[in-house]
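Protein chains: 2
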Amino acid sequence: MEEKITLLKQLLAKIDDLDHTSALLGWDQQVYLPQAGAEERAELLATISEITHNLSVSDELGSLLRDVKPFVDQLDPDSDDACLIKVAQRKFDKNTKIPVDLVVDFSRTTAIAHFAWQEAREKNDFKLFEPHLEKIVELVKSMAECFKPYDHIYDPMLDMFEPGVKTQEVNEIFSQLRPHQVELIKIISQQPQVDDSFLGQKFSDQKQWDFGILVAEKFGMTWDRSRQDRSVHPFTTSFGQNDVRITTRIYEDLPMSALFSTMHEAGHALYELGFDPKYRRTPLSSSASSAFHESQARLWENVIGRSKEFWHHFYPILQSYFPAQLENVPELSFYKAINKVEPSLIRVEADEATYNLHVMIRFEIEKSLMEGQISVTHLPDMWNTLMKEYLNITPLNDSDGVLQDVHWSGGMFGYFPTYALGNILSIQLWDKINYDVSDLSDKIAGGDFVELLGWLQKNVHHYGAKYEPNELIQKLTGSRINPIPYINYLINKYSDIYNF
Amino acid sequence: MEEKITLLKQLLAKIDDLDHTSALLGWDQQVYLPQAGAEERAELLATISEITHNLSVSDELGSLLRDVKPFVDQLDPDSDDACLIKVAQRKFDKNTKIPVDLVVDFSRTTAIAHFAWQEAREKNDFKLFEPHLEKIVELVKSMAECFKPYDHIYDPMLDMFEPGVKTQEVNEIFSQLRPHQVELIKIISQQPQVDDSFLGQKFSDQKQWDFGILVAEKFGMTWDRSRQDRSVHPFTTSFGQNDVRITTRIYEDLPMSALFSTMHEAGHALYELGFDPKYRRTPLSSSASSAFHESQARLWENVIGRSKEFWHHFYPILQSYFPAQLENVPELSFYKAINKVEPSLIRVEADEATYNLHVMIRFEIEKSLMEGQISVTHLPDMWNTLMKEYLNITPLNDSDGVLQDVHWSGGMFGYFPTYALGNILSIQLWDKINYDVSDLSDKIAGGDFVELLGWLQKNVHHYGAKYEPNELIQKLTGSRINPIPYINYLINKYSDIYNF
Numbered sequence: 293m294e295e296k297i298t299l300l301k302q303l304l305a306k307i308d309d310l311d312h313t314s315a316l317l318g319w320d321q322q323v324y325l326p327q328a329g330a331e332e333r334a335e336l337l338a339t340i341s342e343i344t345h346n347l348s349v350s351d352e353l354g355s356l357l358r359d360v361k362p363f364v365d366q367l368d369p370d371s372d373d374a375c376l377i378k379v380a381q382r383k384f385d386k387n388t389k390i391p392v393d394l395v396v397d398f399s400r401t402t403a404i405a406h407f408a409w410q411e412a413r414e415k416n417d418f419k420l421f422e423p424h425l426e427k428i429v430e431l432v433k434s435m436a437e438c439f440k441p442y443d444h445i446y447d448p449m450l451d452m453f454e455p456g457v458k459t460q461e462v463n464e465i466f467s468q469l470r471p472h473q474v475e476l477i478k479i480i481s482q483q484p485q486v487d488d489s490f491l492g493q494k495f496s497d498q499k500q501w502d503f504g505i506l507v508a509e510k511f512g513m514t515w516d517r518s519r520q521d522r523s524v525h526p527f528t529t530s531f532g533q534n535d536v537r538i539t540t541r542i543y544e545d546l547p548m549s550a551l552f553s554t555m556h557e558a559g560h561a562l563y564e565l566g567f568d569p570k571y572r573r574t575p576l577s578s579s580a581s582s583a584f585h586e587s588q589a590r591l592w593e594n595v596i597g598r599s600k601e602f603w604h605h606f607y608p609i610l611q612s613y614f615p616a617q618l619e620n621v622p623e624l625s626f627y628k629a630i631n632k633v634e635p636s637l638i639r640v641e642a643d644e645a646t647y648n649l650h651v652m653i654r655f656e657i658e659k660s661l662m663e664g665q666i667s668v669t670h671l672p673d674m675w676n677t678l679m680k681e682y683l684n685i686t687p688l689n690d691s692d693g694v695l696q697d698v699h700w701s702g703g704m705f706g707y708f709p710t711y712a713l714g715n716i717l718s719i720q721l722w723d724k725i726n727y728d729v730s731d732l733s734d735k736i737a738g739g740d741f742v743e744l745l746g747w748l749q750k751n752v753h754h755y756g757a758k759y760e761p762n763e764l765i766q767k768l769t770g771s772r773i774n775p776i777p778y779i780n781y782l783i784n785k786y787s788d789i790y791n792f
Numbered sequence: 293m294e295e296k297i298t299l300l301k302q303l304l305a306k307i308d309d310l311d312h313t314s315a316l317l318g319w320d321q322q323v324y325l326p327q328a329g330a331e332e333r334a335e336l337l338a339t340i341s342e343i344t345h346n347l348s349v350s351d352e353l354g355s356l357l358r359d360v361k362p363f364v365d366q367l368d369p370d371s372d373d374a375c376l377i378k379v380a381q382r383k384f385d386k387n388t389k390i391p392v393d394l395v396v397d398f399s400r401t402t403a404i405a406h407f408a409w410q411e412a413r414e415k416n417d418f419k420l421f422e423p424h425l426e427k428i429v430e431l432v433k434s435m436a437e438c439f440k441p442y443d444h445i446y447d448p449m450l451d452m453f454e455p456g457v458k459t460q461e462v463n464e465i466f467s468q469l470r471p472h473q474v475e476l477i478k479i480i481s482q483q484p485q486v487d488d489s490f491l492g493q494k495f496s497d498q499k500q501w502d503f504g505i506l507v508a509e510k511f512g513m514t515w516d517r518s519r520q521d522r523s524v525h526p527f528t529t530s531f532g533q534n535d536v537r538i539t540t541r542i543y544e545d546l547p548m549s550a551l552f553s554t555m556h557e558a559g560h561a562l563y564e565l566g567f568d569p570k571y572r573r574t575p576l577s578s579s580a581s582s583a584f585h586e587s588q589a590r591l592w593e594n595v596i597g598r599s600k601e602f603w604h605h606f607y608p609i610l611q612s613y614f615p616a617q618l619e620n621v622p623e624l625s626f627y628k629a630i631n632k633v634e635p636s637l638i639r640v641e642a643d644e645a646t647y648n649l650h651v652m653i654r655f656e657i658e659k660s661l662m663e664g665q666i667s668v669t670h671l672p673d674m675w676n677t678l679m680k681e682y683l684n685i686t687p688l689n690d691s692d693g694v695l696q697d698v699h700w701s702g703g704m705f706g707y708f709p710t711y712a713l714g715n716i717l718s719i720q721l722w723d724k725i726n727y728d729v730s731d732l733s734d735k736i737a738g739g740d741f742v743e744l745l746g747w748l749q750k751n752v753h754h755y756g757a758k759y760e761p762n763e764l765i766q767k768l769t770g771s772r773i774n775p776i777p778y779i780n781y782l783i784n785k786y787s788d789i790y791n792f
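So the protein sequences, as listed, match chains G and U.
First residue of the first sequence: 293, per the working numbering; consecutive thereafter.
First residue of the second sequence: 293, per the working numbering; consecutive thereafter.
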């Protein structure tokens with residue numbers, strides 16, 4: 293049995309190595325690839341991905357998992373080995389339940405759809421994307437059906453990103469949250485508005501970079517295990533527990549954009565850098581879920597990075613980097629400016645008060661499509677109706693509306709809700725940290741994040757994928773994913789900023 | 293048969309993709325890897341290399357090669373498909389003739405020996421490396437013996453890098469060349485020496501970088517298919533025909549070092565960028581041999597980059613980059629300074645007049661070790677004796693003597709001679725180019741390399757690995773590898789510089 297376990301772990305390590313190799317191919321593709329190398333890079337990625345897939349669904353893996361089952365059944369279910377093999381089994385089941393033909397069809401369809409989506413977005417013509425999306429919806433439904441029985445056809449898609457979380461639960465969470473956020477932005481819209489015009493000045497690229505690095509280091513990033521490069525879209529990726537990389541991009545006329553992106557990606561990276569070293573090269577060296585990953589990014593970016601305490605320490609430093617632009621702007625004005633609420637068309641630019649509403653629109657649409665309640669051709673209408681209902685604005689065109697996100701062209705159904713669940717989790721964790729760590733506000737106001745990071749490492753990061761998201765948050769807070777703390781957080785924060 | 297050929301090419305393409313993936317892992321390791329990621333990177337490399345090796349020696353590949361043999365035998369032997377399959381068969385034979393146990397033993401031994409060599413070099417203690425090198429020599433001999441029958445036990449090692457070139461031929465080439473180079477440096481030592489003291493000033497890093505980029509672009513490098521980054525040791529690598537990358541390092545007090553390294557690596561890169569696109573993802577998308585690869589690097593670095601004509605155009609530009617350092621240095625003085633001859637201890641710092649002698653010492657030692665003529669323990673003595681005989685200097689210690697190169701710790705026997713053969717080839721090609729292209733000197737003196745590169749692309753680069761090195765040089769010049777042109781080149785060049 294010992295030997296079988298060893299063989300299983302060796303095979304899982306090999307798959308892990310291949311995943312990390314693909315990640316490097318992808319990182320380089322977005323960061324340093326010469327333009328003409330794109331086609332060949334796609335071939336390298338396809339080859340590695342084919343080899344990885346073949347190993348992931350191999351009879352070898354299947355029979356090793358079968359062989360070790362009697363052993364696992366005798367283990368303490370909370371032991372690392374039991375959890376490791378449970379997670380490996382879950383991934384194997386997911387990989388093998390979908391027939392190869394469907395996987396291939398899905399890859400081919402989404403590869404073509406991606407270009408169609410780009411063109412449709414550029415030309416502001418949803419009709420160009422429509423037939424591709426129709427096919428994708430059919431394929432996604434077929435994929436979901438491989439996982440019957442389920443309570444809801446959306447469940448298997450959600451489960452890819454949030455193990456154990458069901459559609460019904462997300463429905464309830466969002467139903468609770470939505471009216472509060474809709475009401476909140478209505479109230480805010482009736483208050484005197486915040487002035488952020490001084491952020492429209494020019495802020496030098498190099499100084500923005502340097503300030504971002506300074507903040508990332510203060511958060512706890514160290515460059516012996518990480519690095520930051522530039523890419524068109526910021527992201528975090530990892531090639532091992534000791535090589536987790538982030539990227540950013542800098543706009544000289546949008547000075548906060550790069551900084552918040554660095555904080556966000558540092559949050560992701562600190563999570564991956566915190567996995568228990570003994571989980572190295574196993575399926576446990578991974579996040580509990582996409583929402584948990586997002587919760588870490590949001591915690592550092594929003595809860596810390598957009599807080600009064602943070603800027604109490606860092607605003608004078610930022611002023612010293614940009615005296616011409618900021619010396620006459622008081623700290624409180626700056627704090628209010630970076631927290632300005634404004635319902636807008638684009639999700640990725642949304643503020644904390646409106647962000648989740650963007651997500652909920654997508655969740656409703658994905659469900660309706662999979663349930664067969666609406667057809668793809670009616671998507672722009674549904675989009676615009678929900679935008680009006682939730683955010684009280686209407687897109688001028690589909691490019692800034694239903695066509696704005698890349699996800700659907702890649703068949704990535706089930707992912708959107710994790711953004712909002714991540715926000716919710718970030719505040720559940722935040723409340724618990726403040727309960728456990730005394731004077732946390734003072735520490736942050738002193739630019740000291742050591743205890744905060746330590747708490748996260750001990751209570752979240754080091755577990756990796758050992759627990760499902762609801763298991764982990766319950767273990768930590770006694771409650772499943774729960775939007776109430778987030779509602780309170782929003783109301784407290786914005787009632788102060790907008791004086792209501 | 294069609295189908296078998298297709299399957300064979302698909303498998304070869306997959307192996308090519310894996311090789312390029314390893315190359316990216318290696319590039320990133322040397323260029324951007326965070327320090328703590330080293331151990332995990334070694335694991336990724338080992339996994340990809342194991343997968344590649346398994347495919348390269350697989351029964352699948354062996355039987356496809358067997359299956360297509362009757363078809364290949366009917367082809368024009370000069371056709372691409374015939375050459376492609378011949379090269380694939382040659383690689384397969386090399387990979388399969390060495391038993392797996394020996395491959396594994398070799399990997400393990402050299403991995404350990406590398407650290408022993410580093411320590412020995414640091415501590416200037418050959419004895420620390422000696423037992424490791426003894427084992428390596430035994431393993432290298434065992435590997436060579438897998439290729440019996442041969443004329444000389446060194447032949448199979450040489451053949452790894454120079455297909456079809458035999459030890460006896462290299463003996464003859466070097467015997468012809470050596471006395472001329474020994475005599476040349478003796479004569480030079482008796483002439484008034486060249487002053488290069490002005491090169492000891494400080495030359496800014498950024499300006500050195502910019503000038504190197506300018507020259508590389510003039511040579512024909514374009515950044516849509518390439519890029520230059522920094523690494524401790526400069527190198528060229530490729531992840532496809534449209535993604536060939538070079539690296540350099542800059543010393544502010546050694547201003548020519550980075551520039552010549554950029555020219556050298558650009559020469560390597562232009563070769564790889566010039567392979568026929570129809571050879572993409574096949575074994576023909578590779579150099580004819582290591583010496584041919586080196587000939588391209590040396591041609592651009594030395595024959596062009598250290599020529600009067602080149603500097604006639606570029607020296608005023610260089611002066612404009614570094615006015616404080618160079619405005620009072622005449623063009624001719626600069627030209628002489630960068631061609632200063634000085635027998636020195638370290639191969640990689642050697643000038644054109646002495647370089648090959650360093651190589652010949654290593655070649656003699658490798659042969660003697662493999663023949664069993666000397667034992668490893670006597671290596672320092674043999675080294676120092678030959679240094680005295682060829683270069684008339686004696687190392688003060690083994691770190692700057694027998695321990696200076698990394699190659700032997702990696703079991704890389706047979707590679708050194710290719711450096712000198714590359715020099716020789718570069719001048720055979722150069723003479724032929726000048727015969728074919730009228731007014732080439734004038735063009736270079738005008739900073740115009742278009743016809744030179746065009747000639748190389750048409751006559752050398754685009755063939756890739758289709759021909760063996762002697763076949764290719766014979767096809768181009770009517771002669772096999774031949775040192776006479778190189779001897780003439782050296783005498784002409786240095787009699788002018790040193791007035792004899």
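Heads up, a few of these hints could be off.
[Stated by the list, open to error] With a straight-line cut-off of 30 Å between C-alpha atoms, the simulated BS3-like cross-links for lysine-lysine are:
#	chain 1	residue 1	chain 2	residue 2
1	U	750	G	383
2	G	306	U	306
3	U	306	G	386
4	U	785	U	724
5	G	458	G	724
6	G	499	U	499
7	G	301	U	306
8	G	306	U	785
Think of the hints as simulated: they come from the structure by calculation, not from any bench.
From a predicted model like this one, the values you see are computed outputs, not experimental measurements.
Status of the hints after comparison with the structure:
Taken as a hint, the residue 750 of chain U and residue 383 of chain G pair is broken in the structure, with Cα atoms around 52 Å apart against an allowance of 30 Å. Of the pairs offered as hints, the one joining residue 306 of chain G and residue 306 of chain U holds, with about 18 Å between alpha carbons and a cut-off of 30 Å not exceeded. Distance check on the hinted pair: residue 306 of chain U and residue 386 of chain G sit about 26 Å apart at the alpha-carbon level, within 30 Å; holds. Of the supplied pair hints, the one linking residue 785 of chain U and residue 724 of chain U holds, its CA atoms being roughly 18 Å apart against a limit of 30 Å.
As the CA atoms of residue 458 of chain G and residue 724 of chain G are separated by approximately 24 Å, the hinted pair is consistent with the 30 Å bound. As the CA atoms of residue 499 of chain G and residue 499 of chain U are separated by approximately 22 Å, the hinted pair is consistent with the 30 Å bound. Between residue 301 of chain G and residue 306 of chain U the CA atoms are separated by roughly 26 Å; this keeps the pair inside 30 Å, and the hint holds. For the given pair, residue 306 of chain G sits about 55 Å from residue 785 of chain U by alpha-carbon distance, which is inconsistent with the 30 Å threshold.
Of the numbered hints stated above, those contradicted by the structure are hints 1, 8, listed in ascending order.
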